[in-house]
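Student: So the chains spell out like this:
Protein chains: 4
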Amino acid sequence: MSGNTFGHLFRVTTFGESHGVAIGCVIDGVPAGIRLDTAQIQHDLDRRRPGQSKVSTMRNESDSVEILSGVMAGVTTGTALAMLIRNSDQHSSDYENLSHCFRPGHADYGYFKKYGIRDYRGGGRSSGRETAMRVAAGAVAKQLLAFYGISLQAYSIRIGGVSAKNFDLSQVESNIVRSADPEVADAMIAAIRTAQSELDSVGGIIECRADGVPAGLGEVVFDKLDALIAHAMLSIGGIKGVEFGAGFAAADLRGKNNNDPITPGGFSSNNAGGILGGISTGQPIVFRVAMKPTSSIAQEQQTIDENGNAVTLCVHGRHDPCLVPRAVPVVEAMTALVLADMLLQNRASRL
Amino acid sequence: MSGNTFGHLFRVTTFGESHGVAIGCVIDGVPAGIRLDTAQIQHDLDRRRPGQSKVSTMRNESDSVEILSGVMAGVTTGTALAMLIRNSDQHSSDYENLSHCFRPGHADYGYFKKYGIRDYRGGGRSSGRETAMRVAAGAVAKQLLAFYGISLQAYSIRIGGVSAKNFDLSQVESNIVRSADPEVADAMIAAIRTAQSELDSVGGIIECRADGVPAGLGEVVFDKLDALIAHAMLSIGGIKGVEFGAGFAAADLRGKNNNDPITPGGFSSNNAGGILGGISTGQPIVFRVAMKPTSSIAQEQQTIDENGNAVTLCVHGRHDPCLVPRAVPVVEAMTALVLADMLLQNRASRL
Amino acid sequence: MSGNTFGHLFRVTTFGESHGVAIGCVIDGVPAGIRLDTAQIQHDLDRRRPGQSKVSTMRNESDSVEILSGVMAGVTTGTALAMLIRNSDQHSSDYENLSHCFRPGHADYGYFKKYGIRDYRGGGRSSGRETAMRVAAGAVAKQLLAFYGISLQAYSIRIGGVSAKNFDLSQVESNIVRSADPEVADAMIAAIRTAQSELDSVGGIIECRADGVPAGLGEVVFDKLDALIAHAMLSIGGIKGVEFGAGFAAADLRGKNNNDPITPGGFSSNNAGGILGGISTGQPIVFRVAMKPTSSIAQEQQTIDENGNAVTLCVHGRHDPCLVPRAVPVVEAMTALVLADMLLQNRASRL
Amino acid sequence: MSGNTFGHLFRVTTFGESHGVAIGCVIDGVPAGIRLDTAQIQHDLDRRRPGQSKVSTMRNESDSVEILSGVMAGVTTGTALAMLIRNSDQHSSDYENLSHCFRPGHADYGYFKKYGIRDYRGGGRSSGRETAMRVAAGAVAKQLLAFYGISLQAYSIRIGGVSAKNFDLSQVESNIVRSADPEVADAMIAAIRTAQSELDSVGGIIECRADGVPAGLGEVVFDKLDALIAHAMLSIGGIKGVEFGAGFAAADLRGKNNNDPITPGGFSSNNAGGILGGISTGQPIVFRVAMKPTSSIAQEQQTIDENGNAVTLCVHGRHDPCLVPRAVPVVEAMTALVLADMLLQNRASRL
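Protein chains in written order, with the working numbering: chain A, 16 to 366; chain B, 16 to 366; chain C, 16 to 366; chain D, 16 to 366.
No wet-lab data here; the hints were simulated from the structure. Since the structure is predicted, the reported quantities are computational estimates derived from the model, not experimental observations. None of the hints are false.
Which copy is meant is left open, so a pair is good if it fits within one copy or across any two.
Below, a list of computed lysine-lysine pairs in the DSS-like style, where the Cα atoms sit at most 30 Å apart: (1) Lys69 to Lys271; (2) Lys271 to Lys128; (3) Lys69 to Lys180; (4) Lys180 to Lys271.
Isolated chain A, as found in the complex (with noise of 0.2 Å):
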């Protein structure tokens, strides 16, 4: 109930603080008799981790993961699968100075409210670190799926408003910030590069799609298959906003235009993003969602104490002038638990 747990049958309950002894999750509920390929995983791992690019931040995590439990011989073997990674190149000491104060834009001020002590080390529990188990956890999940003939990918689209034109996905993982559109990559990378060097930060819009994915996925009313992944977009640090298909676009569409005709061999265009009613349709899912720019800059903010006075304040430290190209990995790997979860519930649909 506390937030740290996500998913009924496929459920994964991550935990750690980005400068303490280490992070982890529990998935429970992976269905014996997957193959596992931990390689996978931490191929995931290694495109979410720091120090991966010129464009991200310099910390240097090697993020190496240890499963703790759930397989053997190499097989899942229905109980709850944990997994471990130990934290190493952390500057807690980077902290010392904010250890008082609110920093802008971040979790600081709502953590102290509610709990009354905050881990003020690198944000705690609220740091973006805790998406490492997300990915990992999301790893697993891609390869139940996987079995199933259902793949899913993101990309960015717009990045410090530079925009993706045309897409070629084979590319994604080409260019360094995981543009849709190569063409476009450059350009991204200088609007990055312009803003860090203005002590500054950008955001941008990822796009994600799922291929292959039944129609009958999703449960009705409150536990629409979007309303899943929506919960599990915004549950992602930085994230502001979700569509889905034609999304915002549709307010202004009319009915005769927003509905995609249904002919023998299938839908006839997409605006539903595959999910009419809340239950897939069988065309791929597809959704966006917007990315705010980096809160953590190293210029002056201005913001309070716990005591409430006036502070200036300089978030120094190793921080990423976009996020968007790392949360890329973590964008799919919510998806994936998202589709895990309802691909099992969706057997108990019938007699």
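Once you have looked at the hints, place chains B, C and D on chain A.
Tutor: Just chains B, C and D now, with coordinates in the frame of chain A:
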């Protein structure tokens, strides 16, 4: 798990089909001691009910609610509070011609694939009619919130391409489209009527704000306050996107401009929409949702029947040419459910 | 969370007070495609209803159930199935003299301390009347189980000190105390009538067995099948203990004698009660529950009022001198709910 | 859902196999502000650990626990608290000869039928080893409870047919069988050693009492306090029954004798075991559990292998001849988890 329940400590379960015997809900977790104002519940139901104005469907259901349990001498007892609305003005025969084909833009296809059976009469469980019970439950939640000084209001800010510019929230309920800007209400109405006369429909955008929310609501990591609200919003039929504070526009801002400075007198802007790191900050919570145009339109559309044959279909019946005005109280209700749940859950945060 | 919901995938929420408007339930997660036999539901309700025999209360409620949703043309649709029973034969005035004091053996005191308010009329939510909806929901679960070849039966094995010796389960429903041994039924009846004539009450022991349960039901660690059944049993008012297989007697056995040998033809004994390590083994599931004597007795008892003053109280009204016979279908129903839930959940165990 | 999680607001998820890398747990919902005494956690683990006395297994695991998250400067932060114990003294080779056959009295058969795969090494996830993490989590719960004046203690009241008669709870931890009656401890020890010398094992009965529990804990209908405790108890491997207060003996009492009279000074007896209608009354909570004799015995037993062939099997390895003494802290821990959860949940009962 099957989707008919929402929330944890303040937990609502709804039931009922549009053309069945009745719709209803059970709220588990209403704290004891609320002097329940049933007129307020009926008032919100009246704001949602069909037939309320010239821009809504002409179906005419009184939607009068009966409280079945959980209240004694007008005060909540802490036990399950159930409410019931008998269905009345149903024209099931309107749907006979649809009984074997899938309406474009509707849940029909997915439900059939999921369950192998579907209630074709008005969408059955997937009908917007189920939102009446969200409104009833939300009206109870609002009374809990009001006790703690929390109020909320939703309103239309865009319909059929017409945008609200100057907000006057005191006038929202004085115009039939619930426009935040009473001056553009007539233009919004005109956009709806034009579409209707062309056998078509329009969508729009609703904004919701909650005032008086204390800092500290929301849970860490997966149950962030914005994640839960996003879940709630996308669970409403026809909603295709949600954004908080600056929302999608934040993707184009620099960190310096997006961060809300904190001063001894409070935050000096609200790009965050009242939520940072998933926890409320004490500022007003502000978000927007995009609603697609009504899927049921009285002009010909291409679809298929249950055997996969091409069919041309025209959805007769009495449908809203624009769902936005009636969705406004539904958005409020779902927001109230989330806040009530988080308010109670927050009581467990500290010793 | 507040206790009105049971189960995960096959999940029942009940509501209603004994002297309120109605009692009802919502079952979320009934698989689509069950051809529902409503007469079977009513049959089980009749087995539980008051006024059914000379050893039960003389209250006479027909308890006729109305299905409100989730069924179309007699077949479950996969959506929430709601059922309602209007209350009828209430004598709330019987309770006026109890409105300010706490009946010994009842929930009155705890409810008052918990909620600061309580429905004194017949116990309100804590009344045994709520078990009617358990029976209704359990009757739906039984039909799901029957489809997979699982049947279950409960019966009295001890009442007022009289024990069943020779079991003939075909005769259980032929005697009004539902004794497993028809030969001692009269002695059990006599024990009840004697107690009643002395303004007192008696308790007893119910055994339940489930046949046809496949090996593999139940979940690891905390949701062992016996743990869930124990939860279900102790949630029934008046039940004070539960034991599986050899039960408390196992505490005195040696390992060699308690272990059930396994042979190519199956287990050669059933001290385990059909469950090992929390997982069903394919043997019959067998357990027993102890029911206390009815707390409401028509003789003077010492208690206190809401102000803490000593009061002498005599509980008039129409009470069962022994609850065991009417509890038999409740025990069956709760067992059916657990098994239905575990049956569906087990579908997620493997690839 | 898959059984590795217990509780709602104070919620524990455990993982790990007896012969895997490690065992661990995550507690979600520990309120912020508890000054955590880690020595107390280790103390309870030491009370449970193997090799602690001449009547326990000679396996010698130090079971030293590491706290991974959720605590800063010795105080809980409100975020997920994870704990880890690395496995050490494993003799997996002891189990090679068991790798293809099912040990009588163990979960082997059910797990194989459920998952199609099983970890034969020491029972894997079904091993009693998982209870170490229950004890660790329970020790945290105890510290929360202690803050509110709630204490609890479990003790052996019967082992191998020897019953405690005169209770002296101050001496429970001074004898190695944790007998409530120190005078019969030697007789209990003798019963265990005799069985052991005959390559056999014995069971027993544990009683637990909780003092200082305020009136009002527990939820209505399905989540009655006794239902949750029963769930908790039957989730412990080897427990075959549970009874509250007068328990099974209540089945033979008259209502007049079983009802606990209420006086201005409190209840004048405690047949209810401190719980009425599922809600605590403020009296001590008292219940007993029956534990079967250890299933692993070093004499020949009949069983089958995975192909269904008859096999004669002798379970070597280092097994406790009686699990009761080491189960005492497990019973306490599970009780503490229930009470902590109910304590937090009760905060939502009223305005």
